[in-house]
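Visitor: Each chain is listed here by its residues.
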Amino acid sequence: MKNQQNITLTRVDWTTVSIYIFLVLFGWMNIYSAAYDASHPFIFDFSKEYGRQFLFILISFFLALVMLYMEGDFFNKLALFIYGFFVLLLALVLVVGKEVNGAKAWFGVGSFGIQPSEFSKIGVGLLLSKYISSTGAKFKNWKTRLVAAGIIGFPALLILIQPDVGSVLTFVAFIFVMYREGLSGNVLIIGLGAIVFGVLSIVSGAGTIDFPFFGEQNGIYLLVVIVTILAILGIVFVRNFIVPRNRKLLYWIIAVSTVASLLFSLSVSYIVENVLESHHRERIYVMLSMPVEREGADYNSQMAKITVGSGGVFGQGYLQGPMTQNNYVPEQWTDFIFSAVAEEWGFFGSLVLIGTFVLLIIRIINMAERQRSQFSRVYGYCVASIFFMHLLINVGMVIGLAPIIGIPLPFFSYGGSSLMGFTLLLFIFLRLDAERLNIFR
Amino acid sequence: MNFDSRRITIILIVSVIGIIYALRLLSLQVINDEWKNQGVALTEKEVIVYPSRGLIYDRKGRLLVTNQTVYDLMVLPKDVKPFDTTAFCKLVGLSYEELTSGLKKAVSWPNVKYKPSPIIKQMTPPEYARISEELYKYPGFFGTPRTLRIYPQSIGALLLGDVAEIDKGELEQKPDYRRGDYIGKSGIEKAYEEELRGTRGVRYVFRDNLGIERNVAEGKLDVAAVEGTDLIATIDAELQRYGEELMQNKRGCIVAIEPSTGEVLALVSAPTYDPNLLVGRTRGNNFRALNSDLQKPLFNRATQAQYRPGSIFKLAQSLTALQLGTITPQTRIVCNRGIIGCHGSHSNDDLEMAIVHSCNPYFRGVMQRVVEGDRDPSSRFKDARIGLDIWQGYIKRFGFGSNLKTDIPGVKTGLVPGVSYYDKWYGELQWAYSTIYSLSIGEGEMLITPIQMCNLACVIANRGWYVSPHTVKQIGNGGKPRDEFLVRYDTGIDTAHFRVVVDAMEKVVGPGGTANRAKLKDIVICGKTGTVQNEPKEDHAVFVCFAPKDDPKIAMAVYVENAGFGGTWAAPIASMMIEKYLTDTVSNKAEEKRILEANFLDR
Ligand SMILES: [Zn+2]
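So the protein lines, in turn, are chains A and B.
Taken in order, the first sequence gives residues 15 to 455; the numbers are from our numbering.
Taken in order, the second sequence gives residues 110 to 712; the numbers are from our numbering.
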């Protein structure tokens, strides 16, 4: 057994470990620069973010080591228990959590805080992998789809109550996992179509249009009129150009999709205009380049873009970015850390960072594909998808391609919960991967 | 069913997102300069380095104009943190309303919250020192030094001029100035703006990670400021001060010029004011008060007031007629008081005595000989046209009726009426000498400024030429005046013709002369009085002179409005100024007291 353990450890994917260490240390360097305080220049100063991040890094390294020494089977067997534990924490935080920026997302422990939502993805990943790899689970079946949706949706709902919309959005990552495991590709396409149609609904619903005969009406009705006209044109087309035996089915498809899209469009517009709080609405408007009433609502977005642009090709140099050093971007060391990299390391630095993340994600996907156990493969995809989702939203937000949503850049942003959470997520997979030749399941 | 191929789709999606983000970064960081420029605008500050404005000294090296440092309290709204407004208002001495409106102004167009704006302007060094120690408690507030003009002698307000913030109109014409820059508004400050101003420098700074301002690119982009050039003025501060004292409670002016160089020794316009009134925070109010003063202290009577010259013009008439040969010093003309009045007991003077007696009929005859020269016997109207043209040509060469090429801003030209003037007034061939003869004694349409009167005295002192009057003798210590002030203008009148005129002027100040009050024991003054009628008010007293007779050092014109006889009021002032300038003392204390106590302001 002892011998077996040693052989397993030699099979740990050291390339991925190296990438991980590079990201963590480079991130720490940039946190030091972004949070730099001339009166506390010592990088291990615990009163500053960079000093505390060092502590988080030490803890994370320890956790990583522990994960590498765990039995892979342990995660499979205890998946439900781990999932249940984190769901319990999510429920508990709603009761005893402390409120930060209007969301009850933190357990306070002295001056430190723990954010259970950063850990809950591990539970979801493990349980989802266990369920999908069980015999009988087939995405053809509605039952499988519903159970999978339940596993993902339950913690997501708890996080939505906090409310932390950003973290909920990262749960969308699991669609990629289910797609890989057999969920119809139409889901992806419908999802993409829904995004486009949703954007159109938000943009048109935000203004009013002077309609003939009806006067000033909400702009969403223009979309309704267009969809109705398209439906009528579709019916006319089917009547004239389609053989009669296929017509009935096509009429149904047109009717259902028209009603569905109208309902979707009206409800998206209604939610954005009437349900969302004004600061959420403003964030969406800012991302869509729509006019925002309150001055300064797009301040963070503007400052982030200016900071990125300030980097130029080769960057302003470490600790020398004028935007970063003068704190134009609020709390830059957390969700906006990418802008510090972009300013001080330039276009080349940004490319290296994005390239490293893309390579890491692709490497994890390829590692997942080499697993003999379906459990390990699905879990690998969970890890890759979560990293991808965070990269997509976080970097997209900094460079103005996504709304301002507060989620961290994995291994890079300041914060103990996220660093530990991502470390656990990754190293559980590395342990599973190291065991891939031991187990036949 | 096997879904292994879906791996490719997912990797493709990840890669495409990576490429999209890379392209977006390429656009933000490399292709598009807009974001970078906005960053530079936010973080780099262009600090303007104001050169200190050139100083002005008098001809004897006494400081006339210097600079004093004051402080503007600025606010950079971006850096302002919530602060105790009550304590702050108490510290800097503002009311709460003034503070809030100042802060509001600092963030309203065209000010932006990333650029500093002034909250309090021009605090004195002690005022600023008192608050500067506490200022660290209020991030975003800081003081910037700025210099003000100070006039330590408190004299020569109109001559030296003033400096103020550039206004909109000037800004449009002078692209190298900026809003808030200071510029000379009048006097030497305006005329020598280019030299005094120096060249503004620029420092580019940014705040480094220690919060210290550092030079961008090690200061290679910086432009050093070039200090303004100092000027040596032509005036004598003591003479100027004495002239201003003598003219207190009077309206009028004194012009004193060194004939050989055209250097203005004193230029007094009364009533005057302390030039320090138009400096700093109180400038606005003081300017309004001076501007609405009925005695017009801002009006430079020495260069802008256009008076009828009166009897002193007879000097120019004599010289013109002598040069034309229409009279000789021996020419006698009967004092026929039928057409034009006269005073004193004389009946048939020669030229010298006619000048001494200021005989009006004599000079009516002199000018008649000049104008009615029988050059066109067909018509006396045509003849007058030819004659007046010739006369006007000579008179203008004395510097009358045209712009003396002086460096004093805003000088007026005066008027020497000619053919076209009378054609317009009476119609062509509708006038003859009999219509315009009052010109002959300096009345009628003739207008000249006091500085032109003094220039006439210079011409006579130099026996035929003058240098344009100017107020700066050295640009830069040990430098030269402007080129145009090294040029002699010749009047075209032979030196020989001046002898009789100068002798007559000596007699004017001599025993029995109209200006006998001006006589000095050791200095021979040559002068000519004038008394310009000013119905229904008192006459204006006029006196022009130069001294000493044989080696003239100073030429003067004194004009005292509504004072009465020139010999009683203007001549003694000139005499005391001459004595003061040449000997540094004034001997006749009784006369000095009489002048100092005279008050003509209410006339
Ligand atoms: Zn007479």
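Heads up, some of the hints might be wrong.
[Unchecked claim] A partial selection of chain A residues facing chain B, derived with a Cβ cut-off under 8 Å: (1) Phe88; (2) Gly323; (3) Met337; (4) Ala356; (5) Ile376; (6) Arg377; (7) Ile379; (8) Ile413.
Derived by calculation from the structure, the hints in this document are not laboratory data.
Using N, Cα and C, we set each Cβ at its ideal position, and we do this for glycine too.
Visitor: Taking the hints in turn, state whether each one holds.
Guide: Going through the hints against the structure:
About 27 Å separates the beta-carbon of Phe88/A from the nearest beta-carbon of chain B, more than 8 Å, and the hint is not met. A least Cβ separation of about 2 Å between Gly323/A and chain B falls short of the 8 Å threshold, and the interface hint therefore holds. Interface restraint check for Met337/A: the shortest CB-CB distance to chain B comes to about 5 Å, inside 8 Å, so the restraint holds. Because the smallest distance between the Cβ of Ala356/A and any Cβ of chain B comes to about 7 Å, under 8 Å, the interface hint for this residue holds.
Because the beta carbon of Ile376/A sits about 6 Å from the nearest beta carbon in chain B, less than 8 Å, this interface hint is met. For Arg377/A, the shortest C-beta to C-beta distance to chain B is roughly 10 Å, which exceeds 8 Å, and the interface hint is violated. This hint holds: Ile379/A has a C-beta 6 Å from the nearest C-beta of chain B, less than the 8 Å allowed. Interface restraint check for Ile413/A: the shortest CB-CB distance to chain B comes to about 5 Å, inside 8 Å, so the restraint holds.
Figure legend: structure checked against the earlier numbered hints; hints not met, in rising order: 1, 6.
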